[in-house]
Amino acid sequence: MTTAPQHTGPGVRKVPPGPTAPAPQLSTQKRLFTRTLTRLLPLSPALILLLLFLAGPIAYCAYIAFTDLQLTGQAHSSFVGFANFRTAFKDSEFLNAVWLTLVFTVLSSLIGQNTIGLALAALMQRASKPVRTLTGGIVITAWVLPEVVAGFLLYAFFRREGTLNAILDWLHLPSQNWLFTLPILAVSFANVWRGTAFSMLVYSAALNEIPKEITEAAEVDGASGWRRMWHITLPMIRRSIGTNLMLNTLQTLSVFGLIWVMTRGGPGNKSQTLPLYMYEQAFQNSMIGYATAVALLLLLVGSLFSVIYMRLLRTEV
Amino acid sequence: MALTLSSRRKSRRLAADAGLLVVAATFALPLLWVVLSSLDPHADLKVKAPDGLTLDNFHAILNSDITFTPLLNSLILCGFGTLLTVVCSALAAYPLSRFRSRLNRPFLLTILFATSLPITAIMVPVYALFVQVNLIDTMQGTIFFFAASQLPFAIWLMKNFMDGVPKELEEAAWTDGASSLQSLVRIVLPLMGPGVAVVTVFSFVMMWGNFFVPFMLLLTPDQMPASVSINEFFGNRGMVAYGQLAAFSVVYSTPVILLYVLVARRLGGGFALGGAVKG
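Protein chains in written order, with my numbering: chain A, 15 to 331; chain B, 111 to 389.
Hints are computed from structural coordinates only; laboratory data are not their basis. Yeah, the Cβ is synthetic: ideal placement off N, Cα and C, and Gly gets one too. Be aware that one or more of the hints could be misleading.
[As the list claims (entries may be wrong)] Example chain A residues on the side facing chain B (calculated, C-beta under 10 Å, incomplete):
| # | residue |
| --- | --- |
| 1 | T50 |
| 2 | E107 |
| 3 | V163 |
| 4 | L168 |
| 5 | F194 |
| 6 | P281 |
[Said to hold, decoys possible] Beta-carbon label-pair distances, calculated as ranges:
| # | chain 1 | residue 1 | chain 2 | residue 2 | range |
| --- | --- | --- | --- | --- | --- |
| 7 | A | L318 | B | R119 | 22 to 28 Å |
| 8 | A | R325 | B | L172 | 37 to 43 Å |
| 9 | B | L193 | A | R174 | 41 to 47 Å |
| 10 | A | R174 | B | G162 | 38 to 44 Å |
| 11 | B | R296 | A | A97 | 56 to 62 Å |
[Said to hold, decoys possible] Computed list of lysine to aspartate or glutamate pairs in DMTMM-like fashion (alpha-carbon distance at most 25 Å, straight line):
| # | chain 1 | residue 1 | chain 2 | residue 2 |
| --- | --- | --- | --- | --- |
| 12 | B | K156 | A | E294 |
| 13 | B | K156 | A | E175 |
| 14 | B | K156 | B | D332 |
| 15 | B | K158 | A | E227 |
| 16 | A | K143 | B | D127 |
| 17 | B | K120 | A | E161 |
| 18 | A | K143 | A | E227 |
| 19 | A | K143 | A | E175 |
| 20 | B | K120 | A | D183 |
| 21 | A | K284 | A | E175 |
| 22 | A | K104 | A | E294 |
| 23 | A | K284 | A | E294 |
| 24 | A | K143 | A | D82 |
| 25 | A | K143 | A | E223 |
| 26 | B | K120 | A | E227 |
| 27 | B | K120 | A | E230 |
| 28 | B | K120 | A | D82 |
| 29 | B | K158 | A | D82 |
| 30 | A | K44 | A | E223 |
| 31 | B | K156 | A | E107 |
| 32 | A | K44 | A | E230 |
| 33 | B | K156 | B | D166 |
| 34 | A | K284 | A | E107 |
| 35 | A | K143 | A | E230 |
| 36 | B | K158 | A | E175 |
| 37 | A | K226 | B | E281 |
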């Protein structure tokens with residue numbers, strides 16, 4: 015990631031021959047300014063889109079979170095200060111959603127995707143090529159599938175009359191209606207199924223960068239597989255672990271479709287994470303202002319993770 | 111010593127193979143269900159050998175109401191969204207990659223920050239905003255939002271790929287009097303073909319699979335893309351025809367899987383995405 019060194023070729027010539035440009039008495043500063051402006055011109059379409067459709071809504075979000083805007087033909091909304099936030103922290107359903115989001119993130123992102131992704135990548139280093147290709151293909155297919163399709167596949171898997179219970183019956187183990195008794199576990203597993211490939215790819219790339227000599231030297235010295243993993247491999251890929259954890263967490267925080275398709279947040283609100291809670295408040299209860307306050311909190315948590323992620327990346331931009 | 115080491119390696123490979131196969135089998139079960147059920151005349155919710163192979167499920171869904179209109183809507187939304195994303199990100203990446211300016215660093219940091227914001231969180235305010243400016247339930251509004259939400263990552267990727275193109279060739283073109291735009295289109299972009307392909311496919315795949323954005327911003331059933339219309343199998347048709355649902359899932363998922371294979375083949379394995387994300 016090296017930035018191209020400065021050169022003066024095209025920019026100087028590109029100054030339009032307007033009334034001011036060729037004048038010899040023009041200050042260098044002004045010419046430099048015009049040059050910079052011409053050079054940055056190609057940025058404008060992207061900039062306009064980003065400002066109108068991304069920065070705009072975020073600013074609007076920060077504004078209506080402090081109002082009592084509603085969906086149902088209300089004449090005008092008024093500024094209510096922090097009332098929405100106070101309501102949220104007193105609402106047991108909101109606290110329930112926060113708790114479930116935490117469980118969902120820890121189970122599926124920190125433990126599931128991250129650990130299984132690392133295990134798969136490590137096993138792939140040693141496995142034979144056909145097995146490696148087959149496993150990679152299957153895991154990546156689960157990742158590439160559209161979110162809603164993944165939701166249906168896992169819905170079928172966990173239903174009362176689905177595959178999981180069929181296997182459990184066959185093994186003479188007790189079966190149950192997973193989507194009803196342990197919905198948050200079911201949707202967490204679904205997120206693991208769908209998201210592990212990303213961690214696997216990141217860790218495979220990281221493990222490939224470790225020089226062979228180092229692990230081989232440790233092996234000759236008689237270090238066991240676990241000790242090599244703990245003392246050599248993990249410290250060497252710690253930056254990848256950090257970035258991967260952040261990206262997994264950010265992706266998991268914004269999962270909506272998967273849970274919506276599998277449980278709609280139910281039964282009751284036993285799998286209602288923050289995005290689903292936000293949706294329900296906005297459209298079932300018509301409380302746009304309140305829902306946006308929840309959205310703003312989600313956005314703030316996301317920004318925090320995003321900043322940590324950039325810190326970890328520490329790239330030269 | 112060498113012998114024990116090699117035999118130890120062999121047993122370790124077997125153990126690794128066994129471990130991977132167990133995980134692969136677990137991951138494969140839901141995939142197996144969708145493929146088998148789509149061909150099964152009496153599909154239900156568990157993986158089982160089909161009672162005879164049939165294409166009836168596909169015949170039942172391949173009509174304009176259930177499949178073609180939603181897929182066409184998906185194609186319009188994702189096609190134009192991707193086009194906008196690729197054009198804007200290529201234009202934006204050029205000055206960021208080629209010229210040094212005091213604004214580059216803050217701009218790129220903001221872009222990097224925006225790549226990881228949870229878009230889900232801003233959908234309620236986007237909905238409220240779209241109602242105010244009459245963009246709600248319009249294809250163009252959804253396309254613009256798709257493009258904007260995909261742009262940060264696209265610019266980031268595009269800039270990194272562009273940094274890999276040496277600029278000697280452009281300098282030759284500049285001396286011949288080519289403008290920035292000409293050298294971008296004629297020299298830089300053709301040299302970074304695989305990079306442009308990655309950005310295009312990645313954007314398209316992300317939009318194709320996206321459920322929440324069209325679910326929020328579109329209201330008319332006729333405009334719904336496949337990601338939203340698939341829910342109709344559950345909604346108002348009473349008894350769920352799982353075979354047809356599976357068949358629809360297969361039809362809807364095939365394009366993105368093919369696109370992925372196409373790009374992964376050309377770039378070798380990991381999509382180069384792992385590397386791109388790592389910076």
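Each hint tested on the structure:
1. T50: holds, 6 Å
2. E107: E107(A) check fails; min Cβ-Cβ to chain B is 17 Å, beyond 10 Å.
3. V163: holds, 5 Å
4. L168: Since the shortest Cβ distance to chain B is 6 Å, the answer is holds.
5. F194: F194(A) check fails; min Cβ-Cβ to chain B is 14 Å, beyond 10 Å.
6. P281: With Cβ-Cβ at 16 Å, over 10 Å, it is violated.
7. L318(A) - R119(B): 22 to 28 Å: violated, 44 Å
8. R325(A) - L172(B): 37 to 43 Å: violated, 51 Å
9. L193(B) - R174(A): 41 to 47 Å: holds, 45 Å
10. R174(A) - G162(B): 38 to 44 Å: Given range 38 to 44 Å: violated, Cβ gap about 25 Å.
11. R296(B) - A97(A): 56 to 62 Å: holds, 58 Å
12. K156(B) - E294(A): violated, 31 Å
13. K156(B) - E175(A): Cα-Cα ~7 Å, so holds.
14. K156(B) - D332(B): violated, 32 Å
15. K158(B) - E227(A): Violated - the C-alpha atoms of E227(A) and K158(B) are around 48 Å apart, more than 25 Å.
16. K143(A) - D127(B): Distance ~9 Å between K143(A) and D127(B) Cα, so the pair holds.
17. K120(B) - E161(A): violated, 39 Å
18. K143(A) - E227(A): Given pair K143(A), E227(A) holds - Cα atoms ~21 Å apart, limit 25 Å.
19. K143(A) - E175(A): violated, 36 Å
20. K120(B) - D183(A): This hinted pair is violated, its Cα atoms lying about 36 Å apart.
21. K284(A) - E175(A): Roughly 21 Å separates the two Cα atoms, so the pair holds.
22. K104(A) - E294(A): holds, 17 Å
23. K284(A) - E294(A): Since the Cα atoms of K284(A) and E294(A) sit roughly 14 Å apart, the hinted pair holds (cutoff 25 Å).
24. K143(A) - D82(A): Violated. K143(A) to D82(A) sits at ~60 Å, over the 25 Å cutoff.
25. K143(A) - E223(A): Holds, because 19 Å separates the two Cα atoms, which is no more than 25 Å.
26. K120(B) - E227(A): Roughly 19 Å between the alpha carbons, so the hint for K120(B) and E227(A) holds.
27. K120(B) - E230(A): Holds: K120(B) and E230(A) sit about 15 Å apart, inside 25 Å.
28. K120(B) - D82(A): violated, 67 Å
29. K158(B) - D82(A): With Cα atoms ~53 Å apart, K158(B) and D82(A) exceed 25 Å; violated.
30. K44(A) - E223(A): violated, 48 Å
31. K156(B) - E107(A): violated, 34 Å
32. K44(A) - E230(A): Roughly 61 Å separates the two Cα atoms, so the pair is violated.
33. K156(B) - D166(B): holds, 19 Å
34. K284(A) - E107(A): Cα-Cα ~10 Å, so holds.
35. K143(A) - E230(A): Since the Cα atoms of K143(A) and E230(A) sit roughly 20 Å apart, the hinted pair holds (cutoff 25 Å).
36. K158(B) - E175(A): holds, 12 Å
37. K226(A) - E281(B): Violated: K226(A) and E281(B) sit about 41 Å apart, past 25 Å.
Hint violations for this structure: numbers 2, 5, 6, 7, 8, 10, 12, 14, 15, 17, 19, 20, 24, 28, 29, 30, 31, 32, 37, all remaining hints satisfied.
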